Amino acid sequence: MSFRLKLMLPLLAVFTASVGYPLLYAFYLSLTNYKITARYNTRLVGLKQYIATLQDPNYWNALQVTGTFVLLAVFIEFWLGLFIALALQKQKRIRNFTRSFLLTPMFVTPIAIGLLFRFLLHQQLGVIPTFLDKFGFSYDFFGPGKALYSIIFIDVWQWTPFMVLLLLAGLEGLSRSPFEAAKVDGASAFFTFRKITLPLLVPVISVAVLIRALDAMKVFEYVFAITRGGPAIQTMTIQYYTYQTGIQFYRLGLASAMSYLLLIIVMVIVVILFKRIESTRKNP
Amino acid sequence: MRKLNKVAKLAAISAAVAVVLAGCSSSSEETATDTGAAAGAVSGTVRVLMEGVPDTDIVSGLLADFNAEYPDVKVEFETASYDQMRDKYVASFTAAEPSYDLAILDNPWVGDFAKAGFVQPLDDLIAATDGYDYADFTAPLRAIGESDGKVYGVPFYNYALGLIYRSDLVTAEPATLDELAATAKSLTTADRAGIAMQPQKGYKAFEEWGNFLFAAGGSIYTDGKVKLTTPEAKKAMETYIEMYKSSAPKNSLNWGPDDALRSASSDKSAMLVSYNWMLPKLNNPDGDSGALAGKFKLAPIPGGKQVLGSWHWAIPTNSNASDAAWAFVSWISSKSGESKRVTAGGAPTRTSVFTDPAATAKDPDYLATILKILSNAEPLCQGSNCDEMITAVGTEINAAFAGEKSVDDALAAAEEQANKIQAE
Amino acid sequence: MTTLNSTRFKPTWTSAGNSLLILMALSVFLPFLWLSLGSFKTGAQLNNPALLFFKPTLENWKEVLRSGVLESAYRSAIVGLVTVSLSVVIGSMGAYAISRYKTGGSSTRFGILAAQVLPPAVLVFPFLEVSYKFRLNDTLFAVIISHLSFVLPVITWFLIGFFDAAPKEVEEQALVDGLSRFQAFRKVVIPQVAPGIGAAAVFGFVLSWNDLFYALILAPGNSATLPVKIASFNTFRGVELGAMCAAILVAVIPVLIVSFFIQKRLVRGISGGAVKY
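Residue numbers (this note's numbering), protein chains in the order written: chain U, 20 to 303; chain C, -14 to 409; chain F, 425 to 701.
Looking at chain U on its own, in the form it has when it is part of the complex (with noise of 0.2 Å):
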C-alpha cells in the first residue's frame, strides 16, 4: 500500500463512519414513514415527505426566518468585528488580558448564553427592562416582530468575537511592506483601509464569512432556551423547525426529508458562491 493511502486511509474510514454513512441512511429515512412510536411499522413511502415538506408552508416560513437571521447576524457580526479586530490590534497596553476577556463569549456554550439572555432580557426578572423601564421604555423583546432581532442580538454578542478572531489572524499575518510603501506615498488612513488592508484581507474574510454564516444557519440553542419558535412562528429556525418534528412529535422520516432538502438547498448555495468567489480571485 502507498504510504499516501495508508495516511489517508483512516480519514477515509471515519468520515465514511460518521459522515458517508449516516449521510446515507438519512436519504433512506426520509424514504420511509419512520415514527419514533410506531418503530415496527416502518415501510418505504417514496417521496411522500418531501412532498409533504415542499407542501408545508412552515418549512418555508423556517427557512425564511433562517435565512434573515444568517444574513443580518453575520453582517452585523463582519462589520463589528473587523472594527474591534482592527482597534485591538492598535492596542499597546495590556493587549493580552483585553485580547483574552473579548473573546470569552464565543467558547461559552450557547445554551448557557441562551438562558443567560433569556433572564437578562426577562420582563420580570431582567436587569435591562428593570433598567429600561427607569427611563420610561418599555420593549418587549421577545414579542411580535420583535424576537427575531432580540435573538441575532444575543448571535451578535455571542459570535462576533469569532469574527475578531479570525480577522485579527488575518490582521497580523499581513506583510508590512504594502502598508509602508502606502506609508511613504503619504496616504490617508482611509484610503489605506480601502485600498490595501481590505483587498488583502479578502481571502481571510471570505472564509470568516463563510464560516460563520454556515454555523449560524445551524441556530437551535437561542430558540430552544427562550422562544421556542414563537411568538407564533417568528423564530422557527429550519433546526429547531426539524428537531421539533422528528423528535417531539416523534416524525423522524419527515424530519429527514426536511434536513435532506435543506442540504440541496444549501449546497446548492454553496457551489453558486464558491464558483463566484474562484471567478473573482481568477480575474480580480
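None of these hints come from the bench; they were simulated from the model.
This one's a predicted model, so the numbers in the text were calculated from it and none came from an experiment.
Some hints here could point you the wrong way.
[Stated by the list, open to error] If the Cβ cut is set under 8 Å, some of the chain F residues that face chain U in the computed set are:
id: 1; residue: 449
id: 2; residue: 474
id: 3; residue: 543
id: 4; residue: 569
id: 5; residue: 641
id: 6; residue: 684
[Stated by the list, open to error] Below 30 Å or equal to it, Euclidean Cα-Cα: the simulated DSS-like pairs (lysine-lysine) are:
id: 7; chain 1: U; residue 1: 237; chain 2: C; residue 2: 390
id: 8; chain 1: U; residue 1: 25; chain 2: F; residue 2: 611
id: 9; chain 1: C; residue 1: 59; chain 2: F; residue 2: 486
id: 10; chain 1: C; residue 1: 266; chain 2: C; residue 2: 347
id: 11; chain 1: U; residue 1: 165; chain 2: C; residue 2: 390
id: 12; chain 1: C; residue 1: 170; chain 2: C; residue 2: 357
id: 13; chain 1: C; residue 1: 253; chain 2: F; residue 2: 479
For glycine and all other residues, C-beta sits at the position ideal for the given N, C-alpha and C.
Use these hints to put chains C and F onto chain U, whose structure you have.
Chains C and F in isolation, oriented as in the chain U frame:
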C-alpha cells in the same frame, strides 16, 4: 410480551395469596383499606423519573410509610424538568437496558405510548389487587389513562385548572366569562394588572384558552373531531385577546405559569388561571408571596367547566421490576395512600377522598372546590398525537394573540391542523 | 506586527477604537456580573433584578454541585478529549497526504468543507436510529461518533493549511538523512506544525464541548453532557433561576480560564497558515 404475562400471573398469584391472608385478619374499619400485592413477597428496586412539583415531594415523604409495609421494595426517585422527562422516558423505553422501572405519564402521552407498546396494560394487575376500587377514581381521570379499552395508567395526581384570585380584592366570584372580563378590567390599576395571563405559544396558550372556551359554552371536540370554528370559540378568543390588551401585565405575551405566579405573588396581578394545587403554594407563609400569603382563594372557572390535566402511573413494557413497581403504585394510589397524600397537600384523584375525614380536616373549602372542579373537567386532547395537536392549536392561538392572524383564520387553521394530525 | 499607519491616524480613530473596546468589554462583563450576583440570591431576592446589596446564600451552589452538573462536565470533557485526540491523529495523517500529495485535488478540500455544511439535523436522525439498533442510545459512544462528524473535518481542514505553509525542505532533508517517510512525518513535520495543531485542537475541543443538539438527542438521560444538563435547568413550568445562574457559571468559569491562557497561541496558531484558502 411473554414476560408481561409471567409478571401478571405472578402478581395475580401473590395478590390472591394476599387476599386470603387479609381475609383472615380483616379489620372492621369503614375507611380506606390497604391494598396491593402481598407485602413481604415482593422485592426489587424501582427506579422512576419524576417532575419537580409539590406532589413529588409529598410522595417521597410517604416512602417511609410504604417501606413499613413493603420492606424489600426500594423506590428510587430521580427528578427532571418537564421537557427532559419525556425524552428520557422515550430513551429508556427504546433502550435495551431500561433506566426506569416505573413511569409517570402526562395525559397527552398516554395514547401515543400505549399504541407504541411502551407501557403495559394494567387491567390484570388491577383486577388481581383486592380492594383497589379502580372505579373510585373520577371518571374523566380514568378515561385519560385508558386507551383502546385497556388501562395503561392509573391516576397519580390531577392538574385541573381553576381561577385563583385575591380574596381581599375580589368581592364576588365571577360566574360567567363576561363577568370575568369585567372583574379583571375593574381590578386593573397602574401598579397591578387585573389578571396575569399565560398566552405562551404551544401547550400553555391552549391550556389557558381552553378554559375560556369552556366558559363561553364551547367545546374542543364535537362528534369525535376537533371543531373550533364555532361562535363560542370565536367569542372565547375575542374575549381572551381583549382581556390581554386591557387587563394583563404589560409585555406578557410569552408568559407561562411561573411568570404568572411570580406576578401574582409579588402583588403585580390580582387573579390568574392556574393549576388548582398552586393555591397552597401561593398561600404558603414561608413561600415567595410574603405578606400576601393566605389571601388567595380558588374558584372554578366561570361557567363551571375547566381544562383537566393529569399524571398517571404506568409500568414500562421493558421494566426490570414490574411487580415491585405495581406494589408501589397500588399502595400510593390506593384509598389509604390517596388519603395520606391529599392530607399532606397532594392533588386528589379519587371520589372517596372528598369524604375522607383526615383529608378534609385541614381545608374543607378548598377540597370542596376541587371536587366541583374535577366533576366537570375535560382534557385538551383525546386520542393519538396529542403533543403535536396541542402544540399546533397553541401556536395558532398565540398567532391570533400576536395579531398575526385574524381570530377566524387562526381558529380555522387550528381546527384543520388538529384534525389532520389526529387522523394519522 | 503590522499596524495601520500610526502617524497619519487622527486621534479620533484611536479614541473611537478605544471607546468601542470599552463598550465591548462592558457588554461582555455585565452579563457575567449579573450571573455571579444571581447565583448567590434567593428566589425572593431574584424577583428584584436591580438588587445589588443583599445577604448572599450558598443554597444555589450547593444545589448545583449536588445536581450532577460536575459529572456532566466530566463527561463533556471525556467526549471532547476523545473526539479531539482521534481527530488530530487521523486528521493530521490525512491532511499531510492531501497537502503534500494533493490527494484528490481541490475536490477533497471542497468535500471536507462540505462536511461542515451538513446541517446536524440531517445526520442526527440516522445516528439515533443506528444507536437504537446497536443498543448504544444514551451512551457517550454515540455522542463521540456524532461529534467526530464535525470536529474531524474542521481539524483536518485547518491542518491542511498548516501543512501547506510548512516548507518541504525540512522533510526532504530528513529523508536524505535516512528516516522513513512516516518517521519524517512524525519526527520532523509534526513538531513544525505543533502550534497549529494546538490551535486546531483547542478549536475542536470547544466545538465539541459546546454542542447541545447531538447530545440532547443522542444522550438525553444518564449520559448527559454539560450543555444538556444546563438545558435541564430551563423549565417551562418552573424555573430555578439562582441554581441556573450557578450552573451556567460552572460551565463558563473553566472556559474563561482556558481562553485566557490560549488566546495568544490561538491567534498565532491561526495566523500561522490555516486562514489561507
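Checked hints:
1. 449: holds, 6 Å
2. 474: holds, 5 Å
3. 543: With a closest approach of 5 Å, the residue 543 (chain F) hint holds.
4. 569: Holds, because the Cβ-Cβ distance from residue 569 (chain F) to chain U comes to roughly 5 Å (cut-off 8 Å).
5. 641: Holds: closest Cβ of chain U sits about 6 Å from residue 641 (chain F), inside 8 Å.
6. 684: With Cβ-Cβ at 4 Å, under 8 Å, it holds.
7. U:237 x C:390: Roughly 28 Å separates the two Cα atoms, so the pair holds.
8. U:25 x F:611: The hint holds at about 17 Å.
9. C:59 x F:486: With Cα atoms ~26 Å apart, residue 59 (chain C) and residue 486 (chain F) stay inside 30 Å; holds.
10. C:266 x C:347: holds, 15 Å
11. U:165 x C:390: holds, 17 Å
12. C:170 x C:357: holds, 26 Å
13. C:253 x F:479: Holds - the C-alpha atoms of residue 479 (chain F) and residue 253 (chain C) are around 24 Å apart, at most 30 Å.
The structure fails none of the hints (numbered hints given earlier).
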